[in-house]
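Novice: Chain by chain, the residues run as shown.
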Amino acid sequence: MTELRHRGATDADPLSEDKGSESELRDGASDSDSKVDSGPPEVAVTSDDTPEVLNKALSGLSSRWRNWWVRGILTMAMISFFFFIIYMGPIVLMMIVLCVQIKCFQEIIHIGYSVYHSYHLPWFRSLSWYFLLCVNYFFYGETVTDCFFTLVQREEPLRILSKYHRFISFALYLTGFCMFVLSLVKKHYRLQFYMFGWTHVTLLIVVTQSHFIIHNLFEGMIWFIVPISCVICNDIMAYMFGFFFGRTPLIKLSPKKTWEGFIGGFFATVVFGILLSYVMAGYRYFVCPVEFNNDTNRFQVDCEPSELFQLTDYILPVFLQSFTGWTTVRLYPFQIHSVALSAFASIMGPFGGFFASGFKRAFKIKDFANTIPGHGGIMDRFDCQYLMATFVNVYIASFIRGPNPSKVIQQLLALRPDQQLYIFNSLKTHLTERGLLPALERAAA
Amino acid sequence: MTDLRRRGGGGDTDNSDNISDKEADGEDRLACPGEAESKDVAPPSENTPHCLNKALEGLPPRWKNYWIRGVLSLAMISGFFLIIYLGPITLILVVMTVQIKCFQEIITIGYRVYRSYELPWFRTLSWYFLVCVNYFFYGETLADYFGALVQREEPLQFLSRYHRFISFALYLAGFCMFVLSLVKKHYRLQFYMFAWTHVTLLIVVTQSHLVIQNLFEGMIWFIVPISIVICNDIMAYLFGFFFGRTPLIKLSPKKTWEGFIGGFFATVVFGFLLAYLLAQFQYFVCPVGYNSETYRFTVECEPSELFILQEYTLPAVVQNALGKETVQLYPFQIHSIFLSSFGSLIGPFGGFFASGFKRAFKIKDFADTIPGHGGIMDRFDCQYLMATFTHVYIGSFIRGPNPTKVLQQLLGLQPAQQLSIFNTLSSHLRERGMLPPAGL
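From first to last, the protein sequence lines are chains B and Z. When the letters of the first sequence are read in order and numbered with the working numbering, they come out as residues 30 to 474. When the letters of the second sequence are read in order and numbered with the working numbering, they come out as residues 279 to 718.
Derived by calculation from the structure, the hints in this document are not laboratory data. Note that the coordinates shown come from a computational prediction; the quantities given were computed from them, not determined experimentally. We treat Cβ as the ideally placed atom computed from N, Cα and C, and that holds for glycine. A portion of the hints provided could be inaccurate.
Restraint ranges, calculated between C-beta atoms of paired labels, are given here [claimed, not checked]:
1. Z/434 to B/272: 44 to 52 Å
2. B/172 to Z/528: 37 to 45 Å
3. Z/605 to B/428: 54 to 62 Å
4. Z/434 to B/108: 45 to 53 Å
5. B/341 to Z/705: 32 to 40 Å
6. B/341 to Z/711: 45 to 53 Å
7. Z/559 to B/376: 53 to 61 Å
8. Z/434 to B/377: 21 to 29 Å
9. B/341 to Z/433: 28 to 36 Å
10. Z/443 to B/116: 28 to 36 Å
11. B/215 to Z/386: 22 to 30 Å
12. Z/567 to B/277: 56 to 64 Å
Can you build the whole structure from these sequences, using the hints too?
Specialist: And the structure:
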């Protein structure tokens, strides 16, 4: 999470800071370019962007408290919004994730433009958005093919798109690549290559991770909610602990972080994770994989909860037994996993924040944008989440989920008949060995 | 392919070219106030071996240049044949070596452009990321192909099961080291190098991985695309040399439309003939398999229908011209036409990209590993797009899912899921008439 910077308070502050940064921003990116430049466009000043109504209500307070109130109210607003979209269901969640991704991409690209004064390369804006579209098409195509398998097989154009999906995505990407090569202008080579690199790294970070978030979501909404909540909780708790007990600085990069906040936040987040997963694991709505019902053409979250989400008895270690007086405790296995997730969020999540802080210091910007009053841009809020999403995805793939049965069926049906027969026979042998198919052995064709 | 630039002969006078980022000059105020001059990328010095120099003493510089290039071209092509002869393991090792060398060349350029010498961590970190990403990719490939071997050995089984998690943990360690290594006045430099490393990894490592996957499909899928790109280079150059008149693109002034089109037709014909030649041998055509008992790679199989001669009815136009009604072709030859077309039409864009890159950073060559030709990257810049295209082509048009892999996944499922899939599959096969109806 980004540091708490005094925002909005006095207008003189941002302006003077910007004057200092102007010279740094004047990246003479391409040698002959700097002569052609008229004036370096500044990165948008993080001006006070709070709505009028809020300003009026808080006009009485001193500027520091006003700042706190703005942040507090916006935090509450964001959390309520989070609850609201969870209530709305998976489709809305997916669309929100998509919107967040597009906004983050736009924010980062905008910074790149400002740093490199690329405004007068009209092609590049189009190309960046085009690449975003291509990569999204590729990823969402793969996901959609998995989930909407039956629907896709039924509709003829969708089936062709799905069968040659990789080829089509590659062709689209190649078109963009060729357009880039054709758009190289004599005196702007370096600028253009920089922007190309910038776009690709941004795509790598933003798009792949939002794709992971959607994957996690399809595993079950709890895999989406708990990680995000853990990161948010860690932010808030680390801040509180740092505020009340903070003494030893943590890292030179973020001088306001303290060890006390870090460790306190860790323990608080683990406890929070355990409690939250206990609350959520009881509801099917959160626990079941999101599936698409082909008959009703709707998403449904209805299933038999897996063993992860069924209360099981755990025997406490001896010292805890004597301490609490219980011999066993009933937990969801998922709560054990949530400890791992919380631990990651508390320990590694901040590194994502440090990375973003370093990035902002490197490019002398205060915030990524000023979309959210008091908080900065969307990217500011989501910088810790990305590492978390990847971790959850890798965690699920490694420790929780085996191969996906519908995907296996898909592949089976795509094989040649003789290969299918071979697999059929192997599977039959395997199942009869396990004693699952005793009858068929006798009635074997 | 990069332009033919005069090499060696008159000596390079590029010292005045200042490739370092002008912005980095501005950063001097941030970074090291003491550092005055900017380092250029070392101009590719005369690097030909001494014996070659002696042998070609008598000739004028221009011819000497041609001879060096010619000799080295032949040397490289012979090397190519040799490693094909040596078999799949050697090929994989050579691909890995080429990848490492390309990565090193690009990173060195990045270092020089950003004068990052004084950031000791970063060299280590770049190599560390290379090792991580390679570990991830090769682990995924090996787990597929060496399935039986992996299941047998306990440590390998553990590594394979948690492969993604281990790779991610390794990458994260590198990421944290990067964050911890951020030094106050060098933030921007460090972020640039981080991005440079990642883009290089994206380009170089993923594509070399795709080359290896093509190789495992069958050596012909490795040899034919590479040969097509080489042939297109040479043919376009020859056609341009003899007939070249109209410039093709401002970026590479020596390319001509005549060379482009002539190269296209010549390459298609070449690909067609080469495919015919290679499709007859099992050594080239069969997927590379690993025999767990003998611990060796085997290339033996029943050739798939792609590599069995079939009769094609010629269109009426060609029938009149040739007087024959049908012609026997390998279906693979039809595919080779598509590969050749791509190599001739889109492949050059990879070369233009590399040319633009070199102009952007004011370097003549990526390095000077190969006398007369420049760095390894110079030779391989067109190959990368080709490798990806071949891989996507195989995935979309040739190969279905791998049956062994599907069986593996099946056996990894829960018994209840296996049962349901079994029932689905048996009803499916029954519908197709592959299984007699169940007599229950």
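Novice: A separate judgement is required for each hint: does it hold in the structure or not?
Specialist: Cross-check of the supplied hints:
1. About 50 Å separates the C-beta atoms of residue 434 of chain Z and residue 272 of chain B, a value consistent with the hinted range of 44 to 52 Å.
2. Residue 172 of chain B and residue 528 of chain Z have their C-beta atoms about 41 Å apart, which keeps the hinted 37 to 45 Å range intact.
3. Distance hint for residue 605 of chain Z and residue 428 of chain B: a CB-CB separation of about 57 Å, consistent with the stated range 54 to 62 Å.
4. Checking the proposed 45 to 53 Å range against residue 434 of chain Z and residue 108 of chain B shows it holds: the Cβ atoms sit about 46 Å from each other.
5. At about 36 Å, the CB distance of residue 341 of chain B to residue 705 of chain Z agrees with the hint of 32 to 40 Å.
6. A C-beta distance of roughly 47 Å is found between residue 341 of chain B and residue 711 of chain Z, which places it inside the suggested range of 45 to 53 Å.
7. Restraint check, residue 559 of chain Z to residue 376 of chain B: a C-beta distance of roughly 56 Å satisfies the suggested window 53 to 61 Å.
8. Range check, residue 434 of chain Z to residue 377 of chain B: Cβ separation about 28 Å, and the 21 to 29 Å hint holds.
9. As the Cβ distance of residue 341 of chain B to residue 433 of chain Z is approximately 31 Å, the hint placing it in 28 to 36 Å holds.
10. At about 33 Å, the CB distance of residue 443 of chain Z to residue 116 of chain B agrees with the hint of 28 to 36 Å.
11. A hinted range of 22 to 30 Å for the beta carbons of residue 215 of chain B and residue 386 of chain Z is consistent with their spacing of about 26 Å.
12. Remark: the range hint 56 to 64 Å for residue 567 of chain Z to residue 277 of chain B is upheld by a beta-carbon distance near 59 Å.
The structure shown violates none of the earlier numbered hints.
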